[in-house]
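Chain by chain, the residues:
Protein chains: 2
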Amino acid sequence: MVCQERINYSELKSFSLQLLKKVNACNEQGKIFINALLWSDLVGRSTHGVWRLPAYIKRIEKGLMKCPCKPFFLSENKATAVMDGDQGIGHYVGYSAMSCAIEKARTYGIGAVGVRNSNHFGTGAYYTTLATRQNMIGIALSNSLAKVAPYGGVKAVLGTNPFAFAIPGNNGQGMMFDMATTVMAGSQVMKYAEAGIALPEGVAIDGNGNPIRNASDVNNGVLLPFGGAKGFGISLMIEILSSVLTGANFSTGVNSMFTDTTHPGQNGHLFLAIDIERFIPVDIFIQRAEILFSTIRNSAAENDKVLIPGEIRWHHYRENREKGLLLDKATLKALNTLAENYMLPGIGQSNRQHPVSFRSEKIRTPSLG
Amino acid sequence: MVCQERINYSELKSFSLQLLKKVNACNEQGKIFINALLWSDLVGRSTHGVWRLPAYIKRIEKGLMKCPCKPFFLSENKATAVMDGDQGIGHYVGYSAMSCAIEKARTYGIGAVGVRNSNHFGTGAYYTTLATRQNMIGIALSNSLAKVAPYGGVKAVLGTNPFAFAIPGNNGQGMMFDMATTVMAGSQVMKYAEAGIALPEGVAIDGNGNPIRNASDVNNGVLLPFGGAKGFGISLMIEILSSVLTGANFSTGVNSMFTDTTHPGQNGHLFLAIDIERFIPVDIFIQRAEILFSTIRNSAAENDKVLIPGEIRWHHYRENREKGLLLDKATLKALNTLAENYMLPGIGQSNRQHPVSFRSEKIRTPSLG
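Protein chains in written order, with the numbering used here: chain A, 25 to 393; chain B, 25 to 393.
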């Protein structure tokens, strides 16, 4: 069982920005980073949320993630561009690149922006929602640290390579998916390891192709692509589009944000935005999508339920925005240890004795997210 | 065991065009159709090859697939367009739309062309190779007859929705995949039914969610998406991009090319072309892809082999182009029955008594394929 506590969104944001200030990263880029990071917690994807902040702070401090960084265009031409991320925080680089893709889609109907020299960008879905807010379809692809074997292989040569896709919907909360192209996401495996729960079969294998059930052993083995050969094909497509095409490092050339403490990640991404209005009026598009979703929901067996991708995420979003973000005790402890090291007030119930002194520090809320 | 016979490519093409002539469809569009149809057999994807010709001929004769059709643009604006396929043969409509996407990518770096009012377009990979021949990345998506349940559902509300992706490679034969987003393609299930082989578990379920093992019973049940919830997400994305976005019919609005003899298919497609040169020089791209593929191949266990998607297809292509296309006896029989009905000479060994009279009819070979 994992113990969790709800933390108010604004409070957690202020707390995170205070930490960034301590490593000289509480600038516009840092604020965009924190928005993206906390968005993951908001939608209930805590594996990519604030529990990663200590690792990010460490990398920023070591100069392995620049904040601010100075991304620049290696090439830019009508509907496409290639951006060098200047080893910035992946979230900021991703935000900039998707913003550029959106601008291009506004002009040309579709925009594609590739990125090299970036870092782990967190939750791909965040970038797709930048597009959906502009009535566009968003796609975000990234390669990542190689820990996946191809279909039929036993060595780690591909990342968990996330595939995120989203469309606008009513109340700004449309269909959205964001999947690791493995049976289980790497971050999920870490959570299994922390909780000491056995992995289901088919998630990971060792160098001889035998199943790994102990999540802590996955580091000595490999994860498997979802859906066998088909999932491998999609993972490979993502590796190609996000790195072979963009000039980013690929396969074993991508570095871990946790275990490699001397090199930047060198991840690559590809962002696509499609302006719906060029194809069909947006309101008609949303209506048609709703009809499709309702047909799909009605395909459930009696007394059963079919979920549209994103439904649970948006449910979490509304709930967490209102009631506070759910953080587990281990995350809270790590954040408070970090705060203590920087002589900052902590966060959460165990720190309620200092609410006034903490709240007295006013931080301007960035306009994003 | 399936008995097969090799038929010379040019001979089969001439034979097919003769048949088209009998239904007044041996025009430029018909030739493009036959090129695309036979390409499927060339790459060993016979489920989408010439064995479907009798069904196509029937639909052309009934006016359910127009040949010639007059596709037109409902909207066209810089890098995007929406085409009305005018109920043409899907292969010709797809060819036209991908050609348009390629032209747009040449100008803008990326091109996206949506299609409504089309028919089953055969093998998506064919269209992606039109892009790769121009040093572009090609993506072809289509919806199809609803026979797939969503993850957690039991009714047919999605098509097998193929996802085709290809990149240029050495000798024009680069990495390429073309997957039904189901555990098994519908055409493959038909082949299981014909051969009377039991389906593996996890391929199809009945209305109560119980597995179907007899392939002939799949018509009373539903196919399952590959990779569970993740494959469902990808299938749904394809349904949205190819139909909700393009204005095409979707879900149960798509008609069968085999069992519905009164309505056109009303399929929708989306074609994307990405001009590699805007991102990275094409030769460098191909080199980088080769390095990645070689890393992936080397990830196999000792004495084992990992295949790059497309390898087997291109192997078949080279072999079948040289030695002739492999047709099974049932296909040959169906084709010869059709020829007989139209008082045309047959094809294959049982018809070798008329080679001269058959060959004396000269047909101009179209410049494509």
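Derived from the structure by calculation, the hints contain no laboratory data.
It cannot be assumed that every hint is accurate.
If several chains are the same, the list does not tell them apart, and a pair holds so long as it fits within one copy or across any two.
Said to hold, decoys possible - Capping the alpha-carbon separation at 35 angstroms, the derived lysine-lysine pairs in DSBU-like fashion look like this:
{"hint": "1", "residue 1": "LYS329", "residue 2": "LYS94"}
{"hint": "2", "residue 1": "LYS179", "residue 2": "LYS329"}
{"hint": "3", "residue 1": "LYS94", "residue 2": "LYS82"}
{"hint": "4", "residue 1": "LYS179", "residue 2": "LYS46"}
{"hint": "5", "residue 1": "LYS82", "residue 2": "LYS45"}
{"hint": "6", "residue 1": "LYS215", "residue 2": "LYS329"}
{"hint": "7", "residue 1": "LYS215", "residue 2": "LYS102"}
{"hint": "8", "residue 1": "LYS102", "residue 2": "LYS179"}
{"hint": "9", "residue 1": "LYS353", "residue 2": "LYS82"}
Next on the checklist: When the structure is checked against the list of hints, which entries are broken? Sort them ascending.
Outcome noted: Violated hints (numbers, rising): 1, 4, 7 and 8; every other hint is consistent with the structure.
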